[in-house]
Structure formats: C-alpha cells, structure tokens
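Residue numbers (the working numbering), protein chains in the order written: chain A, 3 to 387; chain B, 2 to 291.
Just so you know, the hints here were simulated from the structure itself, not pulled from any lab data. Careful: at least some of the hints might be erroneous.
[Unchecked claim] No more than 27 Å apart at the CA atoms, straight line, and that leaves these computed lysine-lysine pairs for DSS-like:
| no. | chain 1 | residue 1 | chain 2 | residue 2 |
| --- | --- | --- | --- | --- |
| 1 | B | K80 | A | K327 |
| 2 | B | K33 | B | K84 |
| 3 | B | K285 | A | K131 |
| 4 | B | K285 | B | K208 |
| 5 | A | K212 | B | K33 |
| 6 | A | K212 | A | K251 |
| 7 | A | K220 | A | K171 |
| 8 | A | K322 | B | K80 |
| 9 | B | K84 | A | K327 |
| 10 | B | K173 | A | K131 |
| 11 | B | K208 | A | K131 |
| 12 | B | K285 | A | K322 |
Source: prediction; values computed, not measured.
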Amino acid sequence: MAKAFSEIKWKYYLNYVAVAIVTVVFGGLSIAGALPSSTIYLLEKIAISITLAVSLSMVVGFLGELSLGHAGFMCVGAYLGGKVSAVLEPMLARTPAGKEIALIVSLIVGGLVAAVFGIIIGLPALRLKGDYLAIVTLAFGEIVRSIFMNTSADSFGGALGLETPRFDKKYLFIIAFVLVFVCLAVTQNLIRSKHGRAITAIRDNEIAAKATGINVTKYKLAVFTISSLFAGIAGVLYSYSNYTVQSSKFSYNYSIEILVMVVLGGMGSINGSIIAAALITFLDIKLQTVLTGDLAVLQDLVYAAVLIVIVIYNNAPGLKTFREKYNLKNFIAKFKKTKHDPARVHDDEAKWDRVPTKIKMDELLSMDIQPSSAYTPDKASKEDK
Amino acid sequence: MEFIETLLNGLSIGSTYAIIALGYTMVYGIAKMLNFAHGDVIMVGGYMIFLSLTSVGNPILGLLAAVLFCVLLGISIEKVAYKPLRGASPLAVLITAIGVSYLLQSTAQIIFGSAPKMVVVADFGNLTVGELTIPYYMLITLGCSVVIMLALSLFVKYTRTGRAMIAVSEDKGAAQLMGINVNAIITITFAIGSGLAAFAGFFMLMKSPSLSNTLGAMPGIKAFTAAVIGGIGSIPGAMVGGILMGVVEAISLTIPAIAPYTDAIEFLVLIVILLFRPSGILGKVRREKV
Numbered sequence: 003m004a005k006a007f008s009e010i011k012w013k014y015y016l017n018y019v020a021v022a023i024v025t026v027v028f029g030g031l032s033i034a035g036a037l038p039s040s041t042i043y044l045l046e047k048i049a050i051s052i053t054l055a056v057s058l059s060m061v062v063g064f065l066g067e068l069s070l071g072h073a074g075f076m077c078v079g080a081y082l083g084g085k086v087s088a089v090l091e092p093m094l095a096r097t098p099a100g101k102e103i104a105l106i107v108s109l110i111v112g113g114l115v116a117a118v119f120g121i122i123i124g125l126p127a128l129r130l131k132g133d134y135l136a137i138v139t140l141a142f143g144e145i146v147r148s149i150f151m152n153t154s155a156d157s158f159g160g161a162l163g164l165e166t167p168r169f170d171k172k173y174l175f176i177i178a179f180v181l182v183f184v185c186l187a188v189t190q191n192l193i194r195s196k197h198g199r200a201i202t203a204i205r206d207n208e209i210a211a212k213a214t215g216i217n218v219t220k221y222k223l224a225v226f227t228i229s230s231l232f233a234g235i236a237g238v239l240y241s242y243s244n245y246t247v248q249s250s251k252f253s254y255n256y257s258i259e260i261l262v263m264v265v266l267g268g269m270g271s272i273n274g275s276i277i278a279a280a281l282i283t284f285l286d287i288k289l290q291t292v293l294t295g296d297l298a299v300l301q302d303l304v305y306a307a308v309l310i311v312i313v314i315y316n317n318a319p320g321l322k323t324f325r326e327k328y329n330l331k332n333f334i335a336k337f338k339k340t341k342h343d344p345a346r347v348h349d350d351e352a353k354w355d356r357v358p359t360k361i362k363m364d365e366l367l368s369m370d371i372q373p374s375s376a377y378t379p380d381k382a383s384k385e386d387k
Numbered sequence: 002m003e004f005i006e007t008l009l010n011g012l013s014i015g016s017t018y019a020i021i022a023l024g025y026t027m028v029y030g031i032a033k034m035l036n037f038a039h040g041d042v043i044m045v046g047g048y049m050i051f052l053s054l055t056s057v058g059n060p061i062l063g064l065l066a067a068v069l070f071c072v073l074l075g076i077s078i079e080k081v082a083y084k085p086l087r088g089a090s091p092l093a094v095l096i097t098a099i100g101v102s103y104l105l106q107s108t109a110q111i112i113f114g115s116a117p118k119m120v121v122v123a124d125f126g127n128l129t130v131g132e133l134t135i136p137y138y139m140l141i142t143l144g145c146s147v148v149i150m151l152a153l154s155l156f157v158k159y160t161r162t163g164r165a166m167i168a169v170s171e172d173k174g175a176a177q178l179m180g181i182n183v184n185a186i187i188t189i190t191f192a193i194g195s196g197l198a199a200f201a202g203f204f205m206l207m208k209s210p211s212l213s214n215t216l217g218a219m220p221g222i223k224a225f226t227a228a229v230i231g232g233i234g235s236i237p238g239a240m241v242g243g244i245l246m247g248v249v250e251a252i253s254l255t256i257p258a259i260a261p262y263t264d265a266i267e268f269l270v271l272i273v274i275l276l277f278r279p280s281g282i283l284g285k286v287r288r289e290k291v
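Bound-form chain A, shown alone (with noise of 0.2 Å):
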C-alpha cells in the first residue's frame, strides 16, 4: 500500500536531498567550468572518506563489531580496481566513450573482488570475538598490503605504487558523490529494513538474538560483505583521483583514521559519519596547505586531543548526569516546541513507529469499569486466607 504524501518520514530522506542537492550544484559549477581543481580534488577525497565511513559505520555502529582492516578492503579495490582500468582502457581506446566503460567496469571488479576477500576474511574471522575480531582484521589489512608491496613492476608496480589511467576530473567527483548515493540508499535502507533490526539486535545482545531464531553469522557475514564493497569501490574511485596507488597509504592508520570518523559521528548514525567524514577530510586538506614540516604534527595533536575528550566525555559512567543535563538535544528542544507524540514516551531512542507503550494515568482513572457478577470481592478475600 503506497503511503500518503503526508505520511512519509521526511527526516530520513533529508540526507539524501543533501548529497543529491550538493551532487548537482557542484556538478553544475564544474560542467559549466566554474570550479578551481582545489575544490573539485576536495571534493572527490570528501566522498571517498563519506563512502568509507558509511560502509564502516555499518560494521562498528550496527553490527558492533570492530573492523581495524577497512583500508586493506579498500587497498584491494584500489589496486585491482586500477589495474583492470589501466588494461581496458588501452583496449578500448577507439570505441565511444570507452573511458566510462572502463571506469564502470573498474568500479564493478574493484567492489566485487574486495566483497570476496570480505567473504573470505569474514568466514574465519567472524567466529572470533570483540578484540580478537579487530587484531584478525588488522592482520588483514597489513597482509594485503605487504603483498601489495612486494609484487613486480609489471603486475601492480610493487614499491613505486601501480599507475591507473585519468579520467575527466570535471566529471570524477559527480560520479564519487553518485556513488555515496548509492551506498546511502544501500546502507540506509538495510538498516530499516527487517534485516535491520536483526543486525541491531546481533548488536544489543547476541545471545538473545540467536534464542529469537536470528541467523547470527549469516547476517554478520552479510554486512561484513557489503561493507567491504563499498569499501573497494572508494579505492577504485582513490585509484581514479590519485593517479598512481601507493601500498603505503592503506596502513592501519589509515583504517583507523575511518574509524576515528566513524566513532565521531556518533555510532550508529549514519548522518553523524556523513558529517564526520566531510568535515574531517576538509579539515584536513585546508590544514595541509596550511602547516607544513614538523608543524603539520600540531593537526594530528589536535586530533588526538578532541578524540579522547569526545570518547570520555559520550561514555564515562561518572558524566552521565551531566551529560543529561547538559546534551545537545536539551539545547535544541529549548528553542522548539515538539508536538506530543504518543509513540516516544520519555523520549526514547525507539526509531520506528510503534505503538504507545504506556497509557496516561488520567485515562485510566477515568475508564469505567464494571465488577463482573462472577467476582465478588469478599469471597476472594476469604479464600486467600
């Protein structure tokens, strides 16, 4: 049954309208030609990082398991994806528009062949718990990475890094944000789906979610899979924007520089990656330009800094007063007036509709209601004793 107009949740569509909204303005200004190539280079690196850490976002915010090894999925994507686009495009350099061709097609491979190696790295790995989980990822990412590394100059260019064709770079970043869309939409609508609640539940309580007849590995192998495509795409579209692939820029930091976004944004907000993501990559470039040689440190410094403060202050037991006392929500409802709403009672975290869980107390004391004849209060009084 198709809902009313009026009916759809148009909170959950707001951040598509904004990458769409910033997909066409910028696109528009780059087509028309009126973007300087700092921006546009900005740009692609900011929906790389939002695409990382969406992806990311699934495994740590909804699964609630720890993955230290994104970069290494994204390293796989990155590389094979920049291979397969530095043979075809050769190929196809006579047919029409065999640039895009091979860039799809780069994409597709980049993404496939990094969900396999989720696949493959997901089987074992995902028996294993909490820590053990993210040493198992982490020895992943430098596995593939070292490998990288050490291969021949005629196959992925070992240490000089693998030099991968150029493509438009008017239109590189509409096809980046494109696929931030994509992976939006894929992730989004995951997460409020049936399968959904099943991964959030996997994350409340695992054990409780498995006595409910929930497939625990199933789902956890499937999110882990699709993570880790979209984090191969990102690499195609890094191999794309860089030009050369270096193995050293997938290290661990790396993997834990997406995560850094990730647990900034807020776990389990897709919106807060989002925001985390560009705002950190933008940061980060405009500070590049900005602090050179040993200073670029005092950025990092910073970084560090504002990551315990956050971390500490969102989690310690002892803040958790204060923290409600003194939250953004508060801040905000202050200045707005919410109409009531039956289904979020003491404003709980419950994101679906669903029915009122607690009935008014005047309502109650104003329902009528009728002994039944079967039921006489002083019988009832005598037989407890």
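Got chain A sorted already, so can you dock chain B onto it with the hints?
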C-alpha cells in the same frame, strides 16, 4: 651453524616481543582493555634513553631514567584517559587508547622532530665460539628477558600483590569483596607494563640505533599479535607467543624468497592459529553465560 645463529637472533627478537606482549596481556587480563598506546610508551622510553645518553652518557642510567619515566607515564595515562571510562563499552576504551597513541606520537614529533635520531647505546662487540659469531647485544637481551620473565612469574605467583592481580583478572567483583583494592591493582599493572616497555625500548635500540616517533608502532602491533597468539590475558601465553613470533620472523628473514613478506607471514601465523584455537595457544575458553 648459520641455523643456530638465526635461532638465537629469533630468540632475542622474540624475547623483546615477549616483554612488550607481557604489558599488553597483563593490562588486558586485569583491566579488560586493549592498551593500544602501549607501543608508543616504548617510543617514549627510547627518547628518554636518548636524552640521558646525550646528557649523562651512561646507558644503565639511561635505562633507569627511561623505566622511571615510563612507569610515571603509564600511571598518568591510566588515571587521565582510562579510569573515567571504567565500566563503559570496550570500544570506547579502545578508541581512547588509539587517541592516546596518536597523542604520544605527535607530541614526540613536535618535541624531537620527524628526522630519526641515531642512538648508539654502547658497542658490545661479538662473541666468537668456533664458527659461531654471536653479537653480545643478543645475549644481553636474551639474558635480561629471561630474568625479567622469571621475576615476573615469581612476583605474580608468590607475592600478595601478584596474587591480588590474578584474583582481579579472574573476577573483579569477587576480588573487591575480598578486600582487594582493584583500582590500586590496575594502577600497579599499568606501572609494570610501562616499565617493561622501557626495557623493550632499550633492547630495540641496542639492536638498531635509529630512533623515530614511530619506533614502537610496528613492534607494538606485532607484540600485541603475539599476545593474542599466546592467548590474551595469559602471562605464559605472552612469552610463548612472543618467542614464536620472533623465531618466525628471524627464519623468514633468512629465506630470500619470502623475506619481503615477513610481516605478512607473521600476521598469517596469527590468523592460522586463531582458526584452530580461537582463544590462542594458552588462552582459556570461556563459555558465555546469559
């Protein structure tokens, strides 16, 4: 002959890993957290040795200064960054630890610059027995590590504090009921772990004199891998895992065909071992209770 030299090299690398892994595993056993910043404490220890070598010139004094500073650093990291998060989700603690790791690395780079420093601890020379040529630093590393490991095992087994540590790692709540000051035990654990990290920094500088702000990053990750291989939380496990990692590294470095892939092989060992024993070689399998 060459094989014995390789083996000795492996044992000396491995005992350094084991010393670092002990820090990881003890903190994990007692505070149930991955101290990602442990590797960077090694680096701080390295810089302390560098500072005292340039000012005083005595390597032993340098080592003592480094141990003292690292102990204080470990305690203050625990108090400032980890203590407020006790009882929070493990992921939050892990991310704070990552933050501390970055903080230490970037602070070191701001103070000392990014160019590596040459730190020649002392020239020990080689021991020659027949056809064998063994550098003395290997023997010193091996000997010191064995002494440290023995002392630590005895400390944990026979002293009140050591037994309190075991009690806390087995059941924090019950230990508290028995009158053990859990907070103090956690602080002591961090102090011991960080002190060991300073020793590891000393051993690493004896082996190769180049010191930069990422000195502890890779060895830290490898030692952590070693701790997981041995079964994280288990002290003998960390020793076994560390030695295993070191021997694998030394052997793989001598075979030209696989030498470039040494890091990958070490991590592969981790994945293979965890496939067959998901809680490590000596780790206990814990059934999850509802």
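Hint by hint, where does the structure go against what was stated? Just the numbers, ascending. 4, 6, 7, 11, 12
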